[in-house]
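Engineer: Sequence:
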Amino acid sequence: MGEQLRLMAVHAHPDDESSKGAATMAKYVAEGVDVLVVTCTGGERGSVLNPKLDRPEIWEQMATIRREEMERAREILGVRQAWLGFVDSGFPEGDPLPPLPEGCFGLEPVEKAAAPLVKLMREFRPHVVTTYDEDGGYPHPDHVMCHKVSVAAFEAAGDPASYPEYGEPWQPLKLYYHMSFSLPRVRALHEAMLAAGLESPYTEWLEKWDPARDKSHRITTRVPCGEYFEVRDDALRAHATQVDPDGSWFHVPLEIQKRAWPTEDYELTRSLVEQRLPEDDLFAGIRGSVGV
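In the numbering used here, the protein residues as written are 10 to 301.
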(Lines of atoms letter the chains of each structure in order from A and count residues from 1; the text may use other names and numbers.)
(Lines give C-alpha, C1' and ligand atoms only; values in the text may rest on other atoms or scores of the structure.)
Protein backbone atom coordinates (compact mmCIF):
# COMPACT_ATOMS: atom_id res chain seq x y z
CA MET A 1 0.00 0.00 0.00
CA GLY A 2 1.44 3.33 -1.06
CA GLU A 3 0.54 6.95 -0.51
CA GLN A 4 -3.05 8.07 -1.10
CA LEU A 5 -3.58 9.88 -4.39
CA ARG A 6 -4.60 13.53 -4.08
CA LEU A 7 -6.40 15.82 -6.54
CA MET A 8 -6.80 19.59 -6.18
CA ALA A 9 -9.45 21.35 -8.31
CA VAL A 10 -9.09 25.14 -8.37
CA HIS A 11 -12.24 27.13 -9.22
CA ALA A 12 -13.26 30.77 -9.33
CA HIS A 13 -16.66 30.70 -7.60
CA PRO A 14 -18.89 28.36 -5.62
CA ASP A 15 -20.90 26.38 -8.24
CA ASP A 16 -18.00 26.18 -10.73
CA GLU A 17 -16.83 22.94 -9.15
CA SER A 18 -20.24 21.38 -9.86
CA SER A 19 -20.43 22.47 -13.51
CA LYS A 20 -16.86 21.61 -14.46
CA GLY A 21 -15.29 18.28 -13.57
CA ALA A 22 -17.78 17.28 -10.87
CA ALA A 23 -18.37 13.75 -12.18
CA THR A 24 -14.60 13.25 -12.45
CA MET A 25 -14.17 14.25 -8.81
CA ALA A 26 -17.03 12.00 -7.68
CA LYS A 27 -15.46 9.09 -9.57
CA TYR A 28 -12.08 9.60 -7.93
CA VAL A 29 -13.62 10.02 -4.47
CA ALA A 30 -15.36 6.66 -4.96
CA GLU A 31 -11.97 5.16 -5.84
CA GLY A 32 -10.38 6.44 -2.62
CA VAL A 33 -8.66 9.57 -3.95
CA ASP A 34 -8.48 12.56 -1.57
CA VAL A 35 -10.04 15.50 -3.45
CA LEU A 36 -9.81 19.15 -2.41
CA VAL A 37 -11.82 21.88 -4.14
CA VAL A 38 -10.27 25.34 -3.82
CA THR A 39 -12.71 28.22 -4.32
CA CYS A 40 -10.98 31.52 -5.05
CA THR A 41 -13.89 33.89 -4.28
CA GLY A 42 -17.12 33.86 -2.32
CA GLY A 43 -19.30 34.50 -5.36
CA GLU A 44 -20.69 37.61 -3.67
CA ARG A 45 -21.49 39.34 -6.96
CA GLY A 46 -23.14 36.37 -8.63
CA SER A 47 -26.56 36.65 -10.24
CA VAL A 48 -29.69 34.84 -9.09
CA LEU A 49 -30.35 32.60 -12.08
CA ASN A 50 -33.19 30.62 -10.51
CA PRO A 51 -36.38 32.69 -11.01
CA LYS A 52 -37.97 31.01 -8.00
CA LEU A 53 -35.30 32.57 -5.76
CA ASP A 54 -35.07 36.01 -7.37
CA ARG A 55 -36.24 37.86 -4.26
CA PRO A 56 -34.79 40.84 -2.34
CA GLU A 57 -34.00 38.80 0.79
CA ILE A 58 -31.92 36.38 -1.33
CA TRP A 59 -29.89 39.18 -2.91
CA GLU A 60 -29.31 40.71 0.53
CA GLN A 61 -27.77 37.48 1.87
CA MET A 62 -25.93 36.38 -1.27
CA ALA A 63 -22.53 35.85 0.37
CA THR A 64 -23.96 33.70 3.18
CA ILE A 65 -26.28 31.74 0.90
CA ARG A 66 -23.52 30.88 -1.53
CA ARG A 67 -21.36 29.50 1.28
CA GLU A 68 -24.28 27.36 2.44
CA GLU A 69 -24.84 26.12 -1.12
CA MET A 70 -21.15 25.27 -1.43
CA GLU A 71 -21.29 23.20 1.74
CA ARG A 72 -24.26 21.19 0.41
CA ALA A 73 -22.51 20.59 -2.91
CA ARG A 74 -19.32 19.58 -1.10
CA GLU A 75 -21.21 16.96 0.88
CA ILE A 76 -22.84 15.57 -2.26
CA LEU A 77 -19.52 15.27 -4.09
CA GLY A 78 -17.71 13.86 -1.05
CA VAL A 79 -14.80 16.28 -1.41
CA ARG A 80 -12.98 18.62 0.90
CA GLN A 81 -13.18 22.35 0.21
CA ALA A 82 -11.16 25.49 1.04
CA TRP A 83 -11.75 29.18 0.39
CA LEU A 84 -8.91 31.42 -0.81
CA GLY A 85 -10.83 34.44 0.52
CA PHE A 86 -10.86 36.81 -2.44
CA VAL A 87 -13.83 38.99 -3.43
CA ASP A 88 -15.90 38.21 -6.53
CA SER A 89 -15.23 40.64 -9.40
CA GLY A 90 -18.68 40.33 -10.96
CA PHE A 91 -19.17 39.93 -14.71
CA PRO A 92 -18.76 43.33 -16.41
CA GLU A 93 -21.30 44.06 -19.14
CA GLY A 94 -21.84 46.99 -21.47
CA ASP A 95 -20.02 48.88 -24.21
CA PRO A 96 -17.58 50.10 -23.12
CA LEU A 97 -17.13 47.64 -20.29
CA PRO A 98 -17.20 49.23 -16.82
CA PRO A 99 -14.06 49.01 -14.65
CA LEU A 100 -13.81 46.15 -12.19
CA PRO A 101 -14.73 47.02 -8.59
CA GLU A 102 -11.90 48.03 -6.31
CA GLY A 103 -10.48 45.21 -4.19
CA CYS A 104 -11.86 42.39 -6.31
CA PHE A 105 -10.04 39.18 -7.26
CA GLY A 106 -9.61 40.20 -10.89
CA LEU A 107 -7.49 43.21 -9.88
CA GLU A 108 -5.19 41.40 -7.45
CA PRO A 109 -1.51 41.11 -8.46
CA VAL A 110 -0.94 37.51 -9.54
CA GLU A 111 2.04 37.05 -7.20
CA LYS A 112 -0.05 38.14 -4.21
CA ALA A 113 -3.14 36.15 -5.22
CA ALA A 114 -1.08 32.99 -5.78
CA ALA A 115 0.39 33.06 -2.25
CA PRO A 116 -2.52 31.41 -0.37
CA LEU A 117 -2.83 28.80 -3.11
CA VAL A 118 0.87 27.96 -2.84
CA LYS A 119 0.33 27.53 0.91
CA LEU A 120 -2.61 25.17 0.28
CA MET A 121 -0.65 23.16 -2.26
CA ARG A 122 2.19 22.68 0.21
CA GLU A 123 -0.25 21.64 2.94
CA PHE A 124 -2.49 19.34 0.85
CA ARG A 125 0.34 18.09 -1.40
CA PRO A 126 -1.71 17.26 -4.51
CA HIS A 127 -0.35 14.98 -7.21
CA VAL A 128 -2.72 16.48 -9.81
CA VAL A 129 -4.17 19.99 -10.17
CA THR A 130 -7.08 21.02 -12.43
CA THR A 131 -8.06 24.55 -13.41
CA TYR A 132 -9.21 26.66 -16.39
CA ASP A 133 -7.37 27.49 -19.61
CA GLU A 134 -6.00 30.90 -20.52
CA ASP A 135 -9.47 32.13 -21.54
CA GLY A 136 -10.97 31.05 -18.23
CA GLY A 137 -13.38 28.69 -19.98
CA TYR A 138 -15.36 31.86 -20.64
CA PRO A 139 -14.11 35.43 -20.26
CA HIS A 140 -15.16 36.14 -16.68
CA PRO A 141 -12.34 38.12 -15.02
CA ASP A 142 -12.33 35.76 -12.03
CA HIS A 143 -11.99 32.70 -14.29
CA VAL A 144 -9.07 34.27 -16.15
CA MET A 145 -7.43 35.21 -12.85
CA CYS A 146 -8.07 31.70 -11.51
CA HIS A 147 -6.09 30.36 -14.48
CA LYS A 148 -3.20 32.76 -13.87
CA VAL A 149 -3.07 32.06 -10.15
CA SER A 150 -3.28 28.28 -10.59
CA VAL A 151 -0.43 28.20 -13.09
CA ALA A 152 1.71 30.51 -10.95
CA ALA A 153 1.10 28.41 -7.84
CA PHE A 154 1.79 25.14 -9.67
CA GLU A 155 5.17 26.50 -10.75
CA ALA A 156 6.03 28.06 -7.38
CA ALA A 157 4.85 25.40 -4.94
CA GLY A 158 7.88 23.18 -5.55
CA ASP A 159 10.42 26.00 -5.59
CA PRO A 160 12.10 26.50 -2.20
CA ALA A 161 13.04 30.05 -3.23
CA SER A 162 9.39 31.01 -3.79
CA TYR A 163 7.18 31.91 -0.83
CA PRO A 164 9.57 30.33 1.72
CA GLU A 165 7.29 31.48 4.55
CA TYR A 166 4.53 29.13 3.35
CA GLY A 167 5.99 25.79 4.27
CA GLU A 168 8.02 22.96 2.81
CA PRO A 169 8.01 22.88 -1.02
CA TRP A 170 5.76 20.41 -2.78
CA GLN A 171 5.69 19.94 -6.55
CA PRO A 172 2.40 18.69 -8.06
CA LEU A 173 3.10 16.31 -10.93
CA LYS A 174 0.42 17.19 -13.48
CA LEU A 175 -1.68 20.25 -14.37
CA TYR A 176 -4.86 20.00 -16.44
CA TYR A 177 -7.26 22.49 -18.01
CA HIS A 178 -10.99 21.75 -18.21
CA MET A 179 -12.28 21.36 -21.78
CA SER A 180 -15.98 21.27 -20.98
CA PHE A 181 -17.76 22.52 -24.09
CA SER A 182 -16.01 21.26 -27.20
CA LEU A 183 -17.77 21.43 -30.55
CA PRO A 184 -17.74 17.61 -31.03
CA ARG A 185 -19.35 17.11 -27.61
CA VAL A 186 -22.10 19.64 -28.22
CA ARG A 187 -22.77 18.19 -31.67
CA ALA A 188 -22.92 14.66 -30.27
CA LEU A 189 -25.46 15.65 -27.61
CA HIS A 190 -27.46 17.69 -30.13
CA GLU A 191 -27.64 14.83 -32.63
CA ALA A 192 -28.51 12.32 -29.91
CA MET A 193 -31.43 14.48 -28.80
CA LEU A 194 -32.74 14.79 -32.36
CA ALA A 195 -32.34 11.05 -32.92
CA ALA A 196 -34.47 10.46 -29.83
CA GLY A 197 -37.17 12.75 -31.23
CA LEU A 198 -36.49 15.43 -28.62
CA GLU A 199 -35.87 19.16 -28.94
CA SER A 200 -32.19 20.00 -28.56
CA PRO A 201 -31.14 22.87 -26.28
CA TYR A 202 -28.03 23.29 -28.44
CA THR A 203 -29.61 24.34 -31.74
CA GLU A 204 -28.93 28.05 -31.29
CA TRP A 205 -25.48 27.36 -29.84
CA LEU A 206 -24.45 25.44 -32.94
CA GLU A 207 -25.85 28.05 -35.31
CA LYS A 208 -23.67 30.71 -33.68
CA TRP A 209 -20.58 28.57 -33.01
CA ASP A 210 -17.42 29.69 -34.78
CA PRO A 211 -15.50 26.47 -35.54
CA ALA A 212 -12.24 28.45 -35.59
CA ARG A 213 -12.62 29.00 -31.84
CA ASP A 214 -13.13 25.33 -31.02
CA LYS A 215 -10.45 23.81 -28.76
CA SER A 216 -11.29 20.13 -29.12
CA HIS A 217 -7.92 19.49 -30.80
CA ARG A 218 -6.29 20.33 -27.46
CA ILE A 219 -8.03 17.55 -25.54
CA THR A 220 -5.53 14.97 -24.30
CA THR A 221 -7.52 13.21 -21.62
CA ARG A 222 -11.08 11.87 -21.51
CA VAL A 223 -12.13 10.54 -18.10
CA PRO A 224 -15.02 8.01 -18.28
CA CYS A 225 -17.41 9.12 -15.53
CA GLY A 226 -20.93 8.78 -16.91
CA GLU A 227 -22.09 6.76 -13.91
CA TYR A 228 -21.46 9.85 -11.77
CA PHE A 229 -23.48 12.33 -13.88
CA GLU A 230 -26.35 12.06 -11.36
CA VAL A 231 -24.00 13.11 -8.56
CA ARG A 232 -22.76 16.00 -10.71
CA ASP A 233 -26.31 17.23 -11.35
CA ASP A 234 -27.31 16.89 -7.69
CA ALA A 235 -24.28 18.96 -6.69
CA LEU A 236 -25.12 21.61 -9.26
CA ARG A 237 -28.74 21.81 -8.08
CA ALA A 238 -27.39 22.40 -4.56
CA HIS A 239 -26.26 25.81 -5.86
CA ALA A 240 -29.91 26.78 -6.03
CA THR A 241 -29.39 30.49 -6.69
CA GLN A 242 -27.06 29.79 -9.59
CA VAL A 243 -29.00 27.31 -11.71
CA ASP A 244 -32.61 26.99 -12.82
CA PRO A 245 -33.64 23.37 -12.15
CA ASP A 246 -36.06 23.67 -15.08
CA GLY A 247 -33.46 25.28 -17.35
CA SER A 248 -31.58 24.04 -20.40
CA TRP A 249 -28.68 22.67 -18.31
CA PHE A 250 -30.85 19.67 -17.39
CA HIS A 251 -32.77 19.23 -20.65
CA VAL A 252 -30.66 16.37 -22.03
CA PRO A 253 -31.70 13.13 -20.28
CA LEU A 254 -28.87 11.47 -18.39
CA GLU A 255 -29.19 8.25 -20.37
CA ILE A 256 -28.63 10.17 -23.59
CA GLN A 257 -25.63 11.97 -22.09
CA LYS A 258 -24.10 8.70 -20.91
CA ARG A 259 -24.55 7.15 -24.33
CA ALA A 260 -23.51 10.13 -26.48
CA TRP A 261 -20.60 11.53 -24.41
CA PRO A 262 -19.80 9.63 -21.19
CA THR A 263 -16.55 11.47 -20.40
CA GLU A 264 -15.31 14.73 -18.95
CA ASP A 265 -12.43 16.11 -20.99
CA TYR A 266 -9.16 17.83 -20.17
CA GLU A 267 -5.94 19.19 -21.64
CA LEU A 268 -2.74 18.04 -19.97
CA THR A 269 -0.63 21.18 -19.99
CA ARG A 270 2.18 20.45 -17.47
CA SER A 271 3.61 17.06 -16.56
CA LEU A 272 6.62 15.93 -14.57
CA VAL A 273 5.96 12.24 -15.27
CA GLU A 274 6.14 10.19 -18.45
CA GLN A 275 2.79 9.81 -20.15
CA ARG A 276 1.25 8.36 -23.27
CA LEU A 277 -1.41 10.47 -24.91
CA PRO A 278 -4.34 10.25 -25.19
CA GLU A 279 -5.20 9.29 -21.62
CA ASP A 280 -8.32 8.22 -19.74
CA ASP A 281 -7.01 8.91 -16.24
CA LEU A 282 -5.73 12.12 -14.62
CA PHE A 283 -3.33 9.96 -12.59
CA ALA A 284 -1.85 8.15 -15.59
CA GLY A 285 1.91 7.94 -15.09
CA ILE A 286 1.52 8.53 -11.36
CA ARG A 287 -0.15 5.27 -10.32
CA GLY A 288 2.47 2.65 -9.60
CA SER A 289 4.84 4.97 -7.84
CA VAL A 290 1.98 6.29 -5.69
CA GLY A 291 -0.74 3.78 -4.77
CA VAL A 292 -4.16 4.16 -3.21
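Errors might be hidden in some of the hints.
[Unchecked claim] Beta-carbon label-pair distances, calculated as ranges:
#1 ASP243 with ASP290: 36 to 44 Å
#2 THR73 with ASP255: 19 to 27 Å
#3 ARG89 with ASP219: 33 to 41 Å
[Claimed, not checked] Capping the alpha-carbon separation at 25 Å, the derived lysine to any residue pairs in SDA-like fashion look like this:
#4 LYS224 with GLY206
#5 LYS217 with PRO178
#6 LYS267 with GLY41
#7 LYS217 with ALA161
#8 LYS224 with SER209
#9 LYS267 with PRO178
#10 LYS224 with VAL195
#11 LYS121 with GLU143
#12 LYS128 with GLN70
#13 LYS128 with ARG15
#14 LYS267 with VAL38
#15 LYS128 with LEU45
#16 LYS157 with ASP144
#17 LYS224 with SER171
#18 LYS157 with SER189
#19 LYS224 with SER280
#20 LYS157 with VAL119
#21 LYS267 with VAL299
#22 LYS217 with PRO233
#23 LYS224 with ALA269
#24 LYS157 with LYS217
#25 LYS128 with GLU53
#26 LYS267 with GLY87
#27 LYS157 with CYS113
#28 LYS128 with TRP270
#29 LYS128 with ALA161
#30 LYS128 with VAL282
#31 LYS128 with CYS113
#32 LYS224 with THR272
#33 LYS61 with SER257
#34 LYS217 with PRO262
#35 LYS217 with TRP258
#36 LYS217 with TRP270
#37 LYS157 with GLU120
#38 LYS224 with ARG196
#39 LYS157 with GLY256
#40 LYS128 with LEU106
No lab work stands behind these hints, which were simulated from the structure alone. All C-beta atoms in this analysis are idealised placements derived from N, C-alpha and C, irrespective of residue type, glycine included.
Engineer: For the pair supplied as a hint, LYS128 and LEU106, confirm whether the alpha-carbon distance does not exceed 25 Å.
Structural biologist: Distance of about 34 Å is beyond 25 Å: violated.
Engineer: Keeping to a limit of 25 Å between CA atoms, is the pair of LYS128 and GLU53 held or broken?
Structural biologist: The given pair, whose Cα atoms are some 24 Å apart, holds under the 25 Å limit.
Engineer: Take the C-alpha atoms of LYS217 and TRP258, compute the straight-line distance between them, and say whether it is at most 25 Å.
Structural biologist: Holds, at about 18 Å.
Engineer: Please work out if LYS267 and PRO178 have their alpha carbons no farther apart than 25 Å.
Structural biologist: 40 Å, violated
Engineer: Checking one constraint from the list: CA of LYS217 to CA of PRO262, max 25 Å. Satisfied?
Structural biologist: 24 Å, holds
Engineer: Does the structure keep LYS128 and TRP270 at a Cα separation of 25 Å or less?
Structural biologist: Violated - the C-alpha atoms of TRP270 and LYS128 are around 37 Å apart, more than 25 Å.
Engineer: For the pair supplied as a hint, LYS157 and ASP144, is the alpha-carbon distance within the 25 Å limit?
Structural biologist: Between LYS157 and ASP144 the Cα gap is close to 10 Å, so the pair holds against 25 Å.
Engineer: Within 25 Å, alpha carbon to alpha carbon, are LYS157 and LYS217?
Structural biologist: With Cα atoms ~29 Å apart, LYS157 and LYS217 exceed 25 Å; violated.
Engineer: Regarding the pair LYS217 and PRO233, is the alpha-carbon distance no greater than 25 Å?
Structural biologist: Violated, because 29 Å separates the two Cα atoms, which is more than 25 Å.
Engineer: Under the criterion that the straight-line Cα-Cα distance not exceed 25 Å, is the pair LYS267, GLY41 satisfied?
Structural biologist: 23 Å, holds
Engineer: For LYS128 and LEU45, compute the direct alpha-carbon distance and say whether it is at most 25 Å.
Structural biologist: 14 Å, holds
Engineer: LYS224 and SER209 were given as a pair; does the straight-line alpha-carbon distance stay at or below 25 Å?
Structural biologist: Roughly 22 Å separates the two Cα atoms, so the pair holds.
Of the numbered hints given earlier, the model fails hints 1, 4, 5, 7, 9, 12, 17, 21, 22, 24, 28, 39 and 40; all others are met.
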